[in-house]
Amino acid sequence: MAKSALLKSSIAKKVAMALSGLFLMLFLAQHFFINMTSVFSSDTFNSISHFMGNNPLVQFVIQPILIVGVVFHFIMGFVLDFKNRSARPIAYAKNNGAANSSWASRNMIISGSVILAFLALHFYDFWVPEMVYKYVDVSPLDETRYFHELVAKFESPVRTGLYILSFVLLAVHLNHGFSSSFQSVGFNNKYSKGLKNFGLGFAYVVPFGFIFIALFHHFNH
Amino acid sequence: MAQCQSTFDFRLYDFQTKNMKLTLKIWRQKNAAAEGKIVEYPIDHIEPDMSFLEMLDILNDELIMKGDEPVAFDHDCREGICGMCSLYINGEAHGPDRGVTTCQLHMRMFKDGDTIFIEPFRAKAFPVIKDLVVDRSSFDRIQHAGGFISVNTSGNTIDANTIPINKKDADTAFDSAACIGCGACVASCKNSSAMLFVAAKVSQYALLPQGRIEATDRVLNMVSQMDAEGFGNCTNTGACEVECPKGISLENIARMNREYMSASLKG
Numbered sequence: 001m002a003k004s005a006l007l008k009s010s011i012a013k014k015v016a017m018a019l020s021g022l023f024l025m026l027f028l029a030q031h032f033f034i035n036m037t038s039v040f041s042s043d044t045f046n047s048i049s050h051f052m053g054n055n056p057l058v059q060f061v062i063q064p065i066l067i068v069g070v071v072f073h074f075i076m077g078f079v080l081d082f083k084n085r086s087a088r089p090i091a092y093a094k095n096n097g098a099a100n101s102s103w104a105s106r107n108m109i110i111s112g113s114v115i116l117a118f119l120a121l122h123f124y125d126f127w128v129p130e131m132v133y134k135y136v137d138v139s140p141l142d143e144t145r146y147f148h149e150l151v152a153k154f155e156s157p158v159r160t161g162l163y164i165l166s167f168v169l170l171a172v173h174l175n176h177g178f179s180s181s182f183q184s185v186g187f188n189n190k191y192s193k194g195l196k197n198f199g200l201g202f203a204y205v206v207p208f209g210f211i212f213i214a215l216f217h218h219f220n221h
Numbered sequence: 001m002a003q004c005q006s007t008f009d010f011r012l013y014d015f016q017t018k019n020m021k022l023t024l025k026i027w028r029q030k031n032a033a034a035e036g037k038i039v040e041y042p043i044d045h046i047e048p049d050m051s052f053l054e055m056l057d058i059l060n061d062e063l064i065m066k067g068d069e070p071v072a073f074d075h076d077c078r079e080g081i082c083g084m085c086s087l088y089i090n091g092e093a094h095g096p097d098r099g100v101t102t103c104q105l106h107m108r109m110f111k112d113g114d115t116i117f118i119e120p121f122r123a124k125a126f127p128v129i130k131d132l133v134v135d136r137s138s139f140d141r142i143q144h145a146g147g148f149i150s151v152n153t154s155g156n157t158i159d160a161n162t163i164p165i166n167k168k169d170a171d172t173a174f175d176s177a178a179c180i181g182c183g184a185c186v187a188s189c190k191n192s193s194a195m196l197f198v199a200a201k202v203s204q205y206a207l208l209p210q211g212r213i214e215a216t217d218r219v220l221n222m223v224s225q226m227d228a229e230g231f232g233n234c235t236n237t238g239a240c241e242v243e244c245p246k247g248i249s250l251e252n253i254a255r256m257n258r259e260y261m262s263a264s265l266k267g
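In order, the protein sequences belong to chains A and B. Going by our numbering, the final residue of the first sequence carries number 221, and the count climbs one at a time with no gaps. Going by our numbering, the final residue of the second sequence carries number 267, and the count climbs one at a time with no gaps.
Each hint should be verified, as a subset may be incorrect.
Unchecked claim - Restraint-style ranges between C-beta atoms, simulated for each label pair: (1) Ala-16/A / Ala-228/B: 16 to 26 Å; (2) Ile-90/A / Ala-178/B: 22 to 32 Å; (3) Phe-33/A / Leu-265/B: 31 to 41 Å; (4) Val-68/A / Leu-265/B: 41 to 51 Å; (5) Ile-213/B / Ile-90/A: 37 to 47 Å; (6) Gln-63/A / Val-39/B: 53 to 63 Å; (7) Ile-164/A / Asp-140/B: 43 to 53 Å; (8) Val-68/A / Asp-114/B: 50 to 60 Å; (9) Pro-164/B / Ile-62/A: 49 to 59 Å; (10) Glu-40/B / Phe-198/A: 43 to 53 Å; (11) Leu-265/B / Tyr-191/A: 16 to 26 Å; (12) Phe-78/A / Leu-265/B: 21 to 31 Å.
Just so you know, these hints were derived from the structure itself, not from any lab. Note that beta-carbon positions come from the ideal geometry of N, C-alpha and C, so glycine has one too.
With these hints in hand, go ahead and build the complete structure from the sequences.
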């Protein structure tokens with residue numbers, strides 16, 4: 001089979017979407033564990049953040065891969081959504097989608113778009129200032145700045161509210177996305193039910209954990 | 001197989017009601033090129049034990065008596081096995097019951113006074129021919145692309161039973177083979193994806209030794225044809241599995257995905 005035909009095929013796109021989603025969920029899990037340390041120990045959070053922000057492997061290998069993964073996932077999401085919508089040019093006068101599928105599964109593009117908007121805000125809040133600090137201003141290394149930067153961001157009730165809204169939509173997105181990713185890569189067997197339950201746990205624990213962290217810093221500092 | 005069960009609650013049903021009065025909102029379209037629209041038809045004297053198609057027969061009798069054009073709709077065996085009947089009824093393929101085709105849907109699933117929307121299966125790959133009749137020949141072309149095994153039938157055919165097949169594989173292949181190609185999966189999917197249909201056909205053969213010989217070409221060609229027909233992509237909502245009258249499971253799609261990726265690496 002020609003490589004170009006494979007890349008155009010619906011199943012290859014679906015598998016690529018699933019693999020990028022699984023990769024982003026792994027990233028999300030490590031981000032969650034790092035952020036959670038900020039609740040227990042500012043020193044631990046500072047030292048892990050300093051490592052992540054200055055380790056060459058993380059900065060120049062993992063970070064670009066992550067950015068490519070994010071960009072690929074949302075571009076492919078929009079491409080597939082456009083194609084899927086065009087596969088039904090005339091809509092039903094009456095459609096009872098709730099009779100056979102969950103709202104989360106039918107509206108991944110909505111939850112995904114909110115998460116994308118959140119990522120823009122999140123990059124503006126943390127990533128851009130970090131890049132300016134390190135590579136534009138070339139400021140001196142300071143291992144203790146990360147915790148204060150985090151806390152400062154959650155002083156604003158508007159920003160905290162926006163973060164919470166985004167995390168709720170992230171929970172909705174993961175609610176379908178986790179088990180869907182495994183189905184797409186062909187994993188459907190006797191372990192699927194357990195995996196789905198684990199996925200549901202992941203879909204609620206991680207986003208609501210992020211909400212807890214945001215509220216913790218908003219009310220405690 | 002997905003569990004099939006009726007959603008009808010007999011305790012709520014008034015068995016004395018023998019005369020249902022309904023309002024039908026039916027998609028009418030003169031031909032493939034014409035614009036269509038929903039037309040309202042009041043109908044009376046419908047018995048709960050009638051099938052949905054019998055109810056449409058009565059409507060058509062009335063329309064013919066009035067000199068109007070009857071509503072065109074697909075049907076054939078009326079036993080739930082041919083896959084010819086279709087219809088998107090009140091927002092669901094084959095209506096609100098589970099595990100049945102429209103011909104096996106009965107009017108007791110509705111209440112006296114109900115308004116029922118009746119529309120054709122909607123998909124770019126299922127263009128409307130007239131009223132509620134759609135062209136599902138895209139499924140035929142997908143089948144022609146690989147939904148078969150090549151067997152020498154020139155007088156020296158080997159009996160299939162000479163090849164031992166374990167019971168589990170035989171049963172799973174049979175579950176997949178239960179697909180009647182009605183297109184409810186496409187109609188129900190928000191993306192008009194045909195993956196459940198194609199996956200059932202791919203699985204049916206992939207699970208049996210007779211089908212393994214052409215397995216690589218089969219999955220590549222059938223998926224390629226499916227994409228060329230303009231069906232959407234599967235996003236795993238699971239709507240197809242719920243609405244499938246034959247309980248074809250999503251396991252088939254996972255199997256097709258595995259088959260496809262493995263075939264792509266080989267091919």
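In rising order, the numbers of the hints this structure does not comply with: Result: hint 4 breaks, nothing else.
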